[in-house]
Amino acid sequence: MLAIYKKELRSYFTSMIGFVFIAFFLVIIGIYFTIYNLLMGYANFEYTLSGITFIFVLLVPLLTMRLMAEENKQKTDQLLLTSPLSAFSIVMGKFLAVFSIFLIVMLIICTYPIIMMRYGTISTATSYASIFGFILLGGAYLAIGLFISSLTESQVVAAVISFIVFLFTILMESIANILPSDNKSAWVIFSVILLIICIIAYKMMNNLVVTIAIGVIGEAALTLAYKIKPTLFDGSVVKVFQWFSVTSRFDNFYFGTLDLSAIVYLISIIVVFLFLTTQSIKKKRWS
Amino acid sequence: MLIEVINLVKRYGDHIAVDNLSFTVDKGQILGFLGPNGAGKSTTMNIITGYISATEGSVKVNGLDVFEEPEEVKKMIGYLPEIPPLYPDMTVKEYLNFVADIKKVDRSKKKKMIENIMESTMIKNMENRLIKHLSKGYRQRVGLAQAIMGYPPLIILDEPTVGLDPKQIIEIRELIKKLAKNHTVILSSHIMQEVSAVCDTVLIIDKGKMVLIDKTENLSNRLGATGCIKLTVKGNRNKIMEAINKVSQITSIDEHGTEVNGVYDYTLYTDENVDIREDLFYAMSNAKCPILEMYSVKMSLEDIFLKVTGSNRSAIKPVEASDNNVFEEDSSVDLEEGQKSEEEVEVNEEENKDVSHI
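Chains X and Z supply the protein sequences, listed in that same order. Take any residue in the first sequence, note its place counting from 1, add 1, and you have its number in our numbering. Take any residue in the second sequence, note its place counting from 1, add 2, and you have its number in our numbering.
Any given hint could be a false lead.
Unchecked claim - Below, in silico cross-link-like pairs of lysine to aspartate or glutamate (EDC-like), each with a Cα-Cα straight-line distance of 16 Å or less: (1) X:Lys283 <-> X:Asp78; (2) X:Lys283 <-> Z:Glu70; (3) X:Lys76 <-> Z:Asp91; (4) Z:Lys248 <-> Z:Asp277; (5) X:Lys7 <-> Z:Glu96; (6) X:Lys283 <-> Z:Glu73; (7) X:Lys7 <-> Z:Asp103; (8) X:Lys283 <-> Z:Glu71; (9) Z:Lys29 <-> Z:Asp202; (10) X:Lys76 <-> Z:Glu84; (11) Z:Lys113 <-> Z:Glu129; (12) Z:Lys217 <-> Z:Asp202; (13) X:Lys230 <-> X:Asp260; (14) Z:Lys236 <-> Z:Asp202; (15) Z:Lys134 <-> X:Asp183; (16) X:Lys74 <-> Z:Glu58; (17) X:Lys7 <-> Z:Asp91; (18) X:Lys74 <-> Z:Glu84.
As the list claims (entries may be wrong) - Derived Cβ-Cβ restraints for the label pairs, each shown as a range: (19) X:Phe25 <-> Z:Ser137: 30 to 40 Å; (20) X:Phe245 <-> Z:Gly15: 29 to 39 Å; (21) Z:Arg131 <-> X:Thr35: 38 to 48 Å; (22) X:Leu196 <-> Z:Tyr153: 35 to 45 Å; (23) Z:Tyr153 <-> X:Phe245: 45 to 55 Å.
Hint data in this document are derived by calculation from the structure and do not stem from the laboratory. This one's a predicted model, so the numbers in the text were calculated from it and none came from an experiment. Where is the CB? At the ideal position from N, CA and C, for every residue including glycine.
Please take these sequences and the hints and turn them into a complete structure.
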């Protein structure tokens, strides 16, 4: 794991991507910091951070696109997968490397509240709590990016898909609000989602019997639940879609609270996507 | 017994890449894996190294199953895939360092091992170059160095000499032979000379099926004799025919006409293990028709390979192992092609017998 970590870290700094990422990140944070905290004189560093959550959409794909896609393309995955390393330690090494680059930026940012302290009293606790939340948010995006990179051989495809997915996680909050909240349309929407899942399952497994079984059982369960207790579906679409809204979890940090549910949510996103990446690497063996 | 492959099957949808392959490799052997492109060589190697899984069957290395204990098995294998898995942005030394790390080479031994391996693969002078600036031959050697790293008991090389120049090929072959003293080596190739030069056992596979497995020297002994003599004579056609007819034991004669005025090519067939060259010489000498060229055709490993895989001859240019120089034949290749296919038909029947009793 350490070998992979060192290799990835070095490649970020030999290929300049690491420097570009850090520099660009700092420039944007610097602009917001200057405007919000220095010129307008707000004493809250969390305003700056919540203003720039969109930055992940632009910068994280840059950092994660090559992680697995490049190995797949150059066939160096053959070296890694035939070495005595486990798939999980490969994924962990890569994630920690890319997370370290991000942490460098965060460490520099930790000095900003100290700068602000020179000009008056600020709320140190909420400032650093929001930086902590921001780190977790970044970790979640990096894990998603790593997973997407492991699905393809092309860095460009990985970057574009990551970009679209990240954009959705940011827009999801607003999308969820316009979705219908009555229980009948919820039932319809879930049925459509089930259909899509079935199509994907069929494409992946090529097994008609299993696919139909999933579809029929799923639809039966949905309908049954709807008949017995329609109120269960009230506003459920909105809830489900909001669940995917990664950035909205940062809102509580913006209001100065250390939200435990958000912390758990973000950490589970990281864990789930690292797990999925491991599985997608292992799956290659069975293709 | 180091490797045991039992009833290996790999299916991609309807396509069968490896079809019920079974063989064993003993310690210290060099096994040559021979087959045309797409025969399933790389697939088999990928399965043995645990990169992909088999649809059915099992692979055991040193008694451990690749699917059940992949990490233990992977420790025992060094693998050079078809495309050397190199990171272009690393220097050779950095790369080998990284490989040593992921193969869990002891820290204390690492530095010395890297030095030794760089010397034996002759890349020491390139140690500080970026891999992307290396030529194909050097990349191949770095790939080989990577496979040797950690000195695993089993080294698997997928077409190790592809893209190398003749001098490098000889150097790499020497290196592989040297390695075989302490390691078991499996190498794949579609170049027959390579296998006959390096390997002690040959496994020929075609369309995923094993065609035959045998010691290299047995192969050419058993399948090599053809009882066929090529003759180029200068003189009058009738006189030559007369002289040939005087020689006993010839079963059939092929005449190939003439290229230069007054020079005729013949292929004479006798029973196997019958030598009529001396008689021919005197017969021609008495007829005052000088022999310009004469040699008995032996089947090279390449011919055997083509014979057992039944490949199309026009796809691969025939090269014959002969007592004479190979280069002399180039001028008459076209003529030989026609003749050779006839020879192949004859030989194919023979081969069917051979294969069935394997």
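Right, here's what the structure says about each hint:
1. Of the supplied pair hints, the one linking Lys283 (chain X) and Asp78 (chain X) holds, its CA atoms being roughly 11 Å apart against a limit of 16 Å.
2. The hinted pair formed by Lys283 (chain X) and Glu70 (chain Z) meets the criterion: a straight-line CA distance of about 14 Å does not exceed 16 Å.
3. A hinted pair counts as satisfied when its Cα atoms are at most 16 Å apart, and Lys76 (chain X) with Asp91 (chain Z) qualifies at roughly 15 Å.
4. Taken as a hint, the Lys248 (chain Z) and Asp277 (chain Z) pair is honoured in the structure, with Cα atoms around 15 Å apart against an allowance of 16 Å.
5. Pair hint Lys7 (chain X) plus Glu96 (chain Z) holds up; C-alpha atoms about 11 Å apart against a cutoff of 16 Å.
6. Of the pairs offered as hints, the one joining Lys283 (chain X) and Glu73 (chain Z) holds, with about 13 Å between alpha carbons and a cut-off of 16 Å not exceeded.
7. A hinted pair counts as satisfied when its Cα atoms are at most 16 Å apart, and Lys7 (chain X) with Asp103 (chain Z) qualifies at roughly 10 Å.
8. As the CA atoms of Lys283 (chain X) and Glu71 (chain Z) are separated by approximately 14 Å, the hinted pair is consistent with the 16 Å bound.
9. Distance check on the hinted pair: Lys29 (chain Z) and Asp202 (chain Z) sit about 12 Å apart at the alpha-carbon level, within 16 Å; holds.
10. Taking the CA atoms of Lys76 (chain X) and Glu84 (chain Z), the gap is about 9 Å. The hint holds against a cut of 16 Å.
11. Straight-line distance between C-alpha atoms of Lys113 (chain Z) and Glu129 (chain Z) comes to about 13 Å, which keeps the hinted pair within the 16 Å bound.
12. A distance of roughly 6 Å separates the Cα atoms of Lys217 (chain Z) and Asp202 (chain Z); the hinted pair therefore holds under the 16 Å criterion.
13. Restraint check for Lys230 (chain X) and Asp260 (chain X): the C-alpha separation of about 32 Å exceeds 16 Å, so the hint is violated.
14. A C-alpha spacing of about 42 Å is found between Lys236 (chain Z) and Asp202 (chain Z), which places the hinted pair above 16 Å, so the restraint is violated.
15. Proposed proximity of Lys134 (chain Z) and Asp183 (chain X) is contradicted: the alpha carbons are some 60 Å apart, above 16 Å.
16. Distance restraint check for Lys74 (chain X) and Glu58 (chain Z): the Cα-Cα separation of roughly 28 Å exceeds the 16 Å cut-off, and the hinted pair is therefore not satisfied.
17. Restraint check for Lys7 (chain X) and Asp91 (chain Z): the C-alpha separation of about 14 Å stays at or below 16 Å, so the hint holds.
18. Proximity of Lys74 (chain X) to Glu84 (chain Z) is assessed by CA-CA distance (about 14 Å); at most 16 Å being required, the pair is judged to hold.
19. With their beta carbons about 37 Å apart, Phe25 (chain X) and Ser137 (chain Z) fall inside the hinted range of 30 to 40 Å.
20. About 34 Å separates the C-beta atoms of Phe245 (chain X) and Gly15 (chain Z), a value consistent with the hinted range of 29 to 39 Å.
21. The hinted window of 38 to 48 Å between Arg131 (chain Z) and Thr35 (chain X) holds, with their beta carbons roughly 45 Å apart.
22. For the hinted restraint 35 to 45 Å between Leu196 (chain X) and Tyr153 (chain Z), the CB-CB distance of approximately 56 Å leaves it violated.
23. With their beta carbons about 50 Å apart, Tyr153 (chain Z) and Phe245 (chain X) fall inside the hinted range of 45 to 55 Å.
The structure is inconsistent with the numbered hints 13, 14, 15, 16, 22, although it conforms to all the rest.
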